[in-house]
Every structure is written in structure tokens, then in C-alpha cells.
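*Asks:* To convert a position in the sequence shown, counted from 1, into my numbering, add 2.
Bear in mind the hints are in silico, worked out from the structure with no lab data behind them.
Don't take every hint at face value.
[Stated by the list, open to error] Pairs of lysine to any residue residues, derived as SDA-like cross-links and limited to a Cα-Cα distance of at most 20 Å, are as follows:
| no. | residue 1 | residue 2 |
| --- | --- | --- |
| 1 | K24 | Y40 |
| 2 | K224 | F209 |
| 3 | K196 | P257 |
| 4 | K4 | Y251 |
| 5 | K24 | I247 |
| 6 | K17 | I96 |
| 7 | K196 | W250 |
| 8 | K4 | I247 |
| 9 | K17 | W250 |
| 10 | K17 | P195 |
| 11 | K196 | F209 |
| 12 | K15 | I102 |
| 13 | K188 | I176 |
| 14 | K4 | G212 |
| 15 | K281 | E261 |
| 16 | K15 | T201 |
| 17 | K196 | S58 |
| 18 | K224 | D249 |
| 19 | K297 | E255 |
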Amino acid sequence: MKRLPEAHPEYEKLKQRVASTKAGYGGEQELDRILGNYTFPMPTHILNDVSLSSSSLFQIDTLILTPEFALICEVKNIAGELSVTENPPQLLRIANNGQISGFPSPIAQLTNTCQLFEDWLTTKNISLPVLGCVVLAYPKQRLSIFKTDFPFLFPSIIPQHVRSLYKNHPLLSIAEFEGLAKRIVKEHRPYVPKPISITYSIKSDDFLTGVVCPACDSLGMKKSGRFWCCPSCRTRSTTAHRQAIHDWYHLFEGPLTNEECRRFCGVQCSQFMRRTLLKMNLTPVGATKNRGYIKENIRHH
Numbered sequence: 003m004k005r006l007p008e009a010h011p012e013y014e015k016l017k018q019r020v021a022s023t024k025a026g027y028g029g030e031q032e033l034d035r036i037l038g039n040y041t042f043p044m045p046t047h048i049l050n051d052v053s054l055s056s057s058s059l060f061q062i063d064t065l066i067l068t069p070e071f072a073l074i075c076e077v078k079n080i081a082g083e084l085s086v087t088e089n090p091p092q093l094l095r096i097a098n099n100g101q102i103s104g105f106p107s108p109i110a111q112l113t114n115t116c117q118l119f120e121d122w123l124t125t126k127n128i129s130l131p132v133l134g135c136v137v138l139a140y141p142k143q144r145l146s147i148f149k150t151d152f153p154f155l156f157p158s159i160i161p162q163h164v165r166s167l168y169k170n171h172p173l174l175s176i177a178e179f180e181g182l183a184k185r186i187v188k189e190h191r192p193y194v195p196k197p198i199s200i201t202y203s204i205k206s207d208d209f210l211t212g213v214v215c216p217a218c219d220s221l222g223m224k225k226s227g228r229f230w231c232c233p234s235c236r237t238r239s240t241t242a243h244r245q246a247i248h249d250w251y252h253l254f255e256g257p258l259t260n261e262e263c264r265r266f267c268g269v270q271c272s273q274f275m276r277r278t279l280l281k282m283n284l285t286p287v288g289a290t291k292n293r294g295y296i297k298e299n300i301r302h303h
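Please model the complete structure; the sequences and the hints are all you need to start from.
*Replies:* Here it is, written out as C-alpha cells:
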């Protein structure tokens with residue numbers, strides 16, 4: 003958002019997306035807090051933000067693993083009056099000002115995630131029931147819903163819900179249970195979304211270039227000797243350009259060339275930029291003349 007003019011047609015959509023993402027993360031943190039303060043009487047592993055692949059990539063907000071079942075928690079933190087519809091599958095939110103917004107159905111999301119995790123377990127020759135629940139982050143959320151097999155619960159209820167499901171008839175030995183948890187962690191792949199320019203169909207020229215000041219967030223720091231200097235607040239930094247390079251990889255696709263990096267950061271010295279790119283653990287690709295740099299840990303999904 004720092005790199006788009008506020009008048010840009012996609013600015014408000016991105017602003018809403020940021021607010022939604024922050025709220026969702028806050029909801030997951032609330033569930034993490036509850037689970038972190040609770041000691042289960044049965045063997046349990048709690049895994050957060052699990053990203054795996056079976057027939058397709060899928061992501062789990064919170065996975066509660068026991069030797070008897072796996073419980074997938076789909077966390078929602080959306081303020082207002084909520085209504086989940088069956089046909090079409092959708093989550094409607096009526097805000098306090100009366101505005102109605104539509105979101106993907108948490109039931110459809112949860113059904114798909116459970117099926118994909120079941121498929122993943124099958125490929126590992128593991129037979130374990132996969133259950134699910136939708137977690138409403140805070141009691142302030144009001145909900146109306148059709149009859150569904152998935153319960154809608156608040157975080158404080160989750161520990162008791164897990165205990166009520168556990169019948170002390172484990173399907174996995176402790177060794178198998180620990181092995182499954184390690185296998186999930188090993189096969190987890192951090193989810194990296196497609197670049198912003200592609201996701202929102204924004205032209206590269208629409209984005210503002212320059213180095214952002216780490217102190218006042220203004221664009222346009224100037225390179226002077228070893229330092230980047232902020233014209234607005236006079237802050238000096240030797241590393242501010244690194245964030246600009248990280249920004250580029252989130253905004254655009256493809257190898258980052260020395261020339262493009264200089265354009266984006268507002269630097270003329272190619273030797274400085276070459277040393278910088280090499281120091282950032284980026285992987286050089288291509289011939290020397292047209293060499294680009296890629297981030298090995300970014301696999302766009």
C-alpha cells in the first residue's frame with residue numbers, strides 16, 4: 003500500500019484485504035493463546051499455518067493432532083452480524099453501518115481442507131479420522147447458520163471440544179503419532195502468494211519506486227556515501243535498501259536484474275547494487291551480461 007497512490011483504483015481493495023488479513027491473524031493468535039495455556043491429558047501436537055500438497059496445495063490455520071483423530075480449526079475473525087448460507091455457499095457480513103459484504107463460505111473451505119488432508123494421509127498409508135470446526139475468534143461475533151456437521155466454536159471452548167472427542171481408543175502408536183507430526187513438519191512448505199501486480203492486475207508502472215524510510219515510512223531516501231538519508235526526518239540507514247528489494251519480490255515476478263534493482267531503488271552505481279544482491283543470499287541466474295537474481299524460498303502458488 004505504501005507503493006500505490008491512494009487514488010489508485012485498487013487501493014481501497016488492498017486496504018480492505020490488509021484489514022481482513024490482520025483480523026484473521028489476530029483470531030489465530032487468540033486461539034494460540036488459549037491452546038498454549040492448556041495442558042491436554044492425551045498426547046497432542048498443535049501445528050499452526052500448515053501448508054501441504056496432495057492433489058493441490060492446501061493450508062490449515064490450526065491442526066490439533068492426537069493418536070485418535072486430527073482436528074482442523076478454520077479461524078474466522080469478522081466483526082458484525084454473520085450469516086452462512088448453503089446455496090450458494092457464502093458468508094455474509096452485515097456491518098454496524100448496514101453495509102453487506104460477502105466472503106467465501108467457511109464450511110466449504112473447511113470441507114475442502116479436510117478432504118485434501120485425508121488424501122494426504124492416504125498417500126502416507128495412514129488411517130486417521132479428520133474432523134473440523136470453525137472457530138469464531140471473539141464472542142462479539144453474532145452468527146446465524148444452517149444445519150451443518152461442523153461446529154462453530156469460540157477459542158475458549160476448543161480444549162473441552164478436543165477432550166469430548168477423545169475416547170481413549172488410539173489408532174496410532176506413540177511412535178506412529180510422533181512420526182506423523184514430524185512428517186507434517188518436514189513436508190510443510192511456506193505459502194507464498196503470487197506477486198501483488200499479478201493477483202490484482204496492477205501495471206508495474208503504477209507502483210511507486212524508491213527506498214522507504216524505516217523511521218517515518220516516507221518514500222524517497224537518498225544515497226549519500228555509505229548512508230541512505232531521509233529528506234523528511236533526517237534518519238540515516240545503511241540497510242534501508244534491503245526492504246525495497248524484498249518489496250520488489252512481493253510486487254513482481256521473475257528474476258531481479260541489477261538494472262531493474264537500481265531503477266526501483268533509485269541508485270546509479272551498478273557495483274554497489276551487485277554487491278548488495280550477492281550479500282542478500284539471492285541466487286544468480288543467466289549469463290553475466292543479463293544476470294538476474296531469484297529468491298530460492300519463493301515459490302509462487
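*Asks:* Hint by hint, note whether the structure agrees.
*Replies:* Status of the hints after comparison with the structure:
Among the hinted pairs, K24 with Y40 is inconsistent with the structure: their alpha-carbon atoms are about 25 Å apart, more than 20 Å. With a C-alpha separation of about 18 Å, the suggested pairing of K224 with F209 holds against the 20 Å cut-off. A threshold of 20 Å between alpha carbons decides the hint, and for K196 with P257 the separation of about 14 Å falls inside it, so the pair holds. A distance of roughly 15 Å separates the Cα atoms of K4 and Y251; the hinted pair therefore holds under the 20 Å criterion.
Among the hinted pairs, K24 with I247 is inconsistent with the structure: their alpha-carbon atoms are about 23 Å apart, more than 20 Å. Our distance criterion of 20 Å between C-alpha atoms is met by K17 and I96, whose separation comes to about 19 Å. Proximity of K196 to W250 is assessed by CA-CA distance (about 12 Å); at most 20 Å being required, the pair is judged to hold. Using a Cα cut-off of 20 Å, the hinted pair K4 and I247 holds, with the two alpha carbons roughly 14 Å apart.
Taking the CA atoms of K17 and W250, the gap is near 19 Å; set against the 20 Å cutoff, the hint holds. Only pairs whose Cα atoms come within 20 Å are accepted, and K17 paired with P195 is accepted, the gap being roughly 17 Å. The hinted pair formed by K196 and F209 meets the criterion: a straight-line CA distance of about 16 Å does not exceed 20 Å. Of the pairs offered as hints, the one joining K15 and I102 holds, with about 15 Å between alpha carbons and a cut-off of 20 Å not exceeded.
Only pairs whose Cα atoms come within 20 Å are accepted, and K188 paired with I176 is accepted, the gap being roughly 18 Å. At roughly 11 Å between alpha-carbon atoms, K4 and G212 fall within 20 Å of each other, so this suggested pair holds. Taken as a hint, the K281 and E261 pair is honoured in the structure, with Cα atoms around 17 Å apart against an allowance of 20 Å. As the CA atoms of K15 and T201 are separated by approximately 12 Å, the hinted pair is consistent with the 20 Å bound.
Proximity of K196 to S58 is assessed by CA-CA distance (about 16 Å); at most 20 Å being required, the pair is judged to hold. Of the pairs offered as hints, the one joining K224 and D249 holds, with about 18 Å between alpha carbons and a cut-off of 20 Å not exceeded. With a C-alpha separation of about 11 Å, the suggested pair K297 and E255 falls inside the 20 Å cut-off, and the hint holds.
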